[in-house]
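Novice: Line order of the protein sequences matches chains A and S.
One point on numbering: in our numbering, the residue at position 93 of the first sequence is 93, and numbering is uninterrupted.
One point on numbering: in our numbering, the residue at position 123 of the second sequence is 123, and numbering is uninterrupted.
Any given hint might turn out to be false.
As the list claims (entries may be wrong) - Stretch-level coverage of chain S by chain A, calculated; a stretch enters the list once three of its residues show a Cβ under 8 Å from a Cβ in chain A:
| hint | region |
| --- | --- |
| 1 | 111–120 |
| 2 | 124–138 |
| 3 | 160–166 |
| 4 | 172–184 |
Hints listed in this document are in silico derivations from the structure and should not be mistaken for laboratory results.
For each residue, glycine too, the CB sits at the ideal point set by N, CA and C.
There are 2 protein chains.
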Amino acid sequence: MSETGQDDDTTAAIMEATYRALCDHGYPDTSISTIADEFDKSRSLLYYHYENKDELLADFLRYLLDQLEADLQTIEADDPYEEVLAIVERLLPPDIESERFRFYRALFGMRSQAPYVDAYREQFARSDTLILAELTDAVERGIDAGTFQLVDADEVAQFVYATVSGALQRSVTLDDPEMIEHHLTLIESYLQSQVVDREDEPS
Amino acid sequence: MSETGQDDDTTAAIMEATYRALCDHGYPDTSISTIADEFDKSRSLLYYHYENKDELLADFLRYLLDQLEADLQTIEADDPYEEVLAIVERLLPPDIESERFRFYRALFGMRSQAPYVDAYREQFARSDTLILAELTDAVERGIDAGTFQLVDADEVAQFVYATVSGALQRSVTLDDPEMIEHHLTLIESYLQSQVVDREDEPS
Numbered sequence: 001m002s003e004t005g006q007d008d009d010t011t012a013a014i015m016e017a018t019y020r021a022l023c024d025h026g027y028p029d030t031s032i033s034t035i036a037d038e039f040d041k042s043r044s045l046l047y048y049h050y051e052n053k054d055e056l057l058a059d060f061l062r063y064l065l066d067q068l069e070a071d072l073q074t075i076e077a078d079d080p081y082e083e084v085l086a087i088v089e090r091l092l093p094p095d096i097e098s099e100r101f102r103f104y105r106a107l108f109g110m111r112s113q114a115p116y117v118d119a120y121r122e123q124f125a126r127s128d129t130l131i132l133a134e135l136t137d138a139v140e141r142g143i144d145a146g147t148f149q150l151v152d153a154d155e156v157a158q159f160v161y162a163t164v165s166g167a168l169q170r171s172v173t174l175d176d177p178e179m180i181e182h183h184l185t186l187i188e189s190y191l192q193s194q195v196v197d198r199e200d201e202p203s
Numbered sequence: 001m002s003e004t005g006q007d008d009d010t011t012a013a014i015m016e017a018t019y020r021a022l023c024d025h026g027y028p029d030t031s032i033s034t035i036a037d038e039f040d041k042s043r044s045l046l047y048y049h050y051e052n053k054d055e056l057l058a059d060f061l062r063y064l065l066d067q068l069e070a071d072l073q074t075i076e077a078d079d080p081y082e083e084v085l086a087i088v089e090r091l092l093p094p095d096i097e098s099e100r101f102r103f104y105r106a107l108f109g110m111r112s113q114a115p116y117v118d119a120y121r122e123q124f125a126r127s128d129t130l131i132l133a134e135l136t137d138a139v140e141r142g143i144d145a146g147t148f149q150l151v152d153a154d155e156v157a158q159f160v161y162a163t164v165s166g167a168l169q170r171s172v173t174l175d176d177p178e179m180i181e182h183h184l185t186l187i188e189s190y191l192q193s194q195v196v197d198r199e200d201e202p203s
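Isolated chain A (complex conformation) (with noise of 0.2 Å):
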């Protein structure tokens, strides 16, 4: 094996671990510790790479962003409105599973940080940027599909992706999964009145 393969390797399973301990523990209670008991190779070698939990973690949040980056590129829609809401979904899932649950309280916790952690705080912009763009791309092949009404697409985006966050905010907050599911009804609902175009709509 190549030493970039080796590498990537390891830098695989310190994320993995990374992911387990932060399910686990939640964001305050996980450090270096936890992560390296959740590791399968050596504590030396994790050590060996990160000296402290807030640079590990900031690495953490670019290789997930990196990941949801990849997995946005994936998808595949009929339309643009299947588009949006293929987006909305991958970051509202329905019928989300109790460690993906668990796993957003914990990222919800480290974007409390953010406003003091500034490595925090350059990773959630980044992820902003990207889902933002992404939406707004959606929004704007659907106007020239003419499926779409005339709307700013950027104010769309803006505004979808401030009430997911705010869904996400409120059911991670308050321990209550299935709000998630009633939120992604609310944005669709808003989405079918307010941006596709009725009068293109098959009757």
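Following the hints, complete the assembly by docking chain S onto the known chain A.
Specialist: Same frame as chain A, but now just chain S:
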């Protein structure tokens, strides 16, 4: 001064000290000790009332929420649309001051702990319920008055509140106070086109 009067004074002084400590230090670095530093009465009086940070901060959230409840009662608006906007602006203050912004940041940090601290979660759940009820009532009044479309008042309230929460989250964690004003505009334009009955508007 009556004993009740003294108690109220002490409570108010403790709550003000807590507010200042949260603004100055953020949530994670606020402790009973940093609050005592801001308290203008004896430290022992504070320690007499509270054994730990979680207990004090849960009481602080309760106090804050009682204030918000009283504040929402004072809203006097010309019509239900102005009333909905006034509620939204209580939560997303335009031209937010720097101290208030830092306080919102600390409050967001507390919200991120709600999954782990029952007493916090209870207060945030109460806060969400109160705000949603006020929004729903205002929308219902608009429908009854014939100035709003026949919307589902509860759905509109949930949707608007999710957007408010998401806007605050993004603004606070990306350290961008102007995002608040931007999202206020988006919410206004949503209300104008989705909720307000345009047939009734003067042309």
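Novice: Of the numbered hints stated previously, which ones are contradicted by the structure, given in increasing order?
Specialist: none
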